[in-house]
Amino acid sequence: MVAELCAIKHVLEGRGKALYLVPLKALASEKYEEFKILEDLGIRVALSTGDFDTVDPSLARYDLIIATNEKADSIIRHRPQWIEQVSLIVADEVHLLGEASRGPTLEALLTTLMITNPKAQFLALSATIKNAAEIAEWLGASLVTSEWRPVPLKEGVCFRDSVIFKDGSVIRVDGPDKDPVTLLTVDVIKSGGQMLIFTGSRLSAVSLARRLSEPVRRLLKRRDERRLLELSSTILRLGERTRISEMLSRAVSHGVAFHHAGLTYEQRKAVEEAFRSFLIKCICATPTLAAGVNLPARRVLIYEYRRFEPGYGQTNIPVLEEKQMAGRAGRPRYDKEGEAILLARSESERDFLLEEYVLSEPEKIWSKLGVASSLRSHVLATITTGLARSEEDLFDFFSRTFFAHQYGLHSFKKKVAECLEMLTKETLVECQGRHLIPTRFGMRVAELYIDPVSAVIIRDALRLRRSGLPPISYLTLICHTPDMPKLYIRKREMEPLVSFLESNSDLFLFDLPDEDDPEYESLLEEVKTALLLKDWIEESPEDSIVERFDVGSGDIYSFVESARWLIHSAHELAKLFGFTESITPLRNLYLRIENGVKEELLPLVSLRGVGRVRARALYSAGFKTLEDLRAASPLDLIKVPQIGPETARLIKEQVGGTVSKEEWSLMRSKKTSKQLSIDEY
DNA sequence: CGTATACTTTTCTAGACAGCATGTC
DNA sequence: CTAGAAAAGTATACG
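In the UniProt record's numbering, the protein residues as written are 1 to 681.
Everything labelled a hint here was simulated from the structure, so no lab data went into it. Treat the hints with care, since some could be wrong.
Here are the simulated DSSO-like cross-link-like pairs (lysine-lysine), alpha carbons at most 30 Å apart as the crow flies [as the list claims (entries may be wrong)]:
(1) K425 x K336
(2) K598 x K639
(3) K154 x K9
(4) K190 x K130
(5) K190 x K9
(6) K130 x K413
(7) K221 x K130
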């Protein structure tokens, strides 16, 4: 509300545009829906995330622009004029600054905006921050704190059948069951509330949901039971049937659901919506639901406060994260208070949890901009945007960052200089005397929004100028870049991966580490990820990919998305450097990744208006090449399922066939008439 | 020799942002 | 912040 009022003031008083920054796409959409009512006041609201548009020049027409941090950063790299008119910058969930992977982007973005828009107002928001004053100081802002909450929150710890709250009050839950999780769940549902349980792994989310299914089902009203059965079958129809969707469907029929990133977007949305409409009584979730969309419940149970972290083992989650989860407790308008409960397994653990979480404040936020991988790309961006034209400019810029604010500039200078050295050595930047000038390569890398290291890996590989390579060569290449997320390797998978590697070593576009090299294991991860992508473009059924790689459908989509982005980037770099023999293979691979199709469908899928489904339909109707399509009459084309008059016309336009006047008018008349069956056509 | 039981070894582990182009049945 | 639970495998006891 504070941000909203502030934005209204800025726009209506004609002071300038407002930019609203959020960390998640889902949050961006949510805010967009929320702020759209401002259009009644004549304020034009736009949404800009990676899902919706590129750097859209029409954004200049809007007054309030909602964007993810990364999207806003990317927009700035394309240097549009309208940025100058921004007079209010809202940074929602600003505690993200302390997150290693994505905090630096927000930090660089805010620093840039402070420099380019020195008169703008900065409004940073967070519910869980200890050193808020320090961040305010960095932003040149004043700190405003408020303890107000729409629904009061009670935090406590549960051991056996009793819960001790922060304020000293104690509640006891009892029932025939001895299991405290079941007791707490049944208790809150009986009194008309809902339960949200956070677990530390996907597996425990799923198994907990199964465990609670029976007790929850017994509490269901007849009417809900019927609607849940409908929802249960809807979930199976949302996508290809997999083991996970079957388990989810079964749980949902009992009024329970699990929620993690292995689910598809649609499945997750379905679960969230059913929870909001009180249909689903209990969700067992990984931290997916801790941040992000607003999905409160009367009672929140933190079932596991430890989580595995690679390189560290089992670690206690930060208090900040625990407070984020606890903050989900209490549904405005429905609950008069919310309860957030940590689960203890022993008496000493109960005391530990009370002390370390319930009564603790969240940790301080520390800048993570010093991490080399993120620093590189921000040093480059500072140069390509023209913000730094010399080394001094560069240090000036970085002296304005939160990192410099917290740690001082001294140690930082060396890190920045190292990044600069790497960028000049790899010719992303040129030094001419004191001047720093981005090369075309550097410019393109900044715009493509990839890590300079990824770009160098791709360039060096394509520079081998090898032609006639199969898709797996390019797939392993992009999986070799730091921008590509990777699959875990299981012990039993080592063997087949090693043998694949040995028999195909001539297909790799980069040097392979030795078997005793610590890099070797990450190479296997890369190969495994590449093999998943290969299955995808060969149209393996989703369920077979799920089984073979032990991933969820949601994981498949996120791997495919990242691969699509990097293949596109590789294609652009091939064009930039004139690596002609790679341009067409990369273009084809892009089409196949995007649509998830076999090679035989390539010519069809390359047409506008034809994706996976229509390509398949055309192919099985006998139209296998562009030549077949050129020879075909449009009236034959519309006999193909999935192909209507519009698409037929579009296809004909692209393959350069002729459409006679009669055919044309016939098609147009069909277009406006009620849709006919294939037989009628 | 088969099987129950105790002890040892192995396996496995959260999430999600970015480019660009296009628009049906 | 540097693990711990569950599954799988193996040894031993017992009838």
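**Q.** Unmet hints by their number, sorted upward, for this structure
**A.** Hints 1, 3, 4, 5 and 7 contradicted; others consistent.
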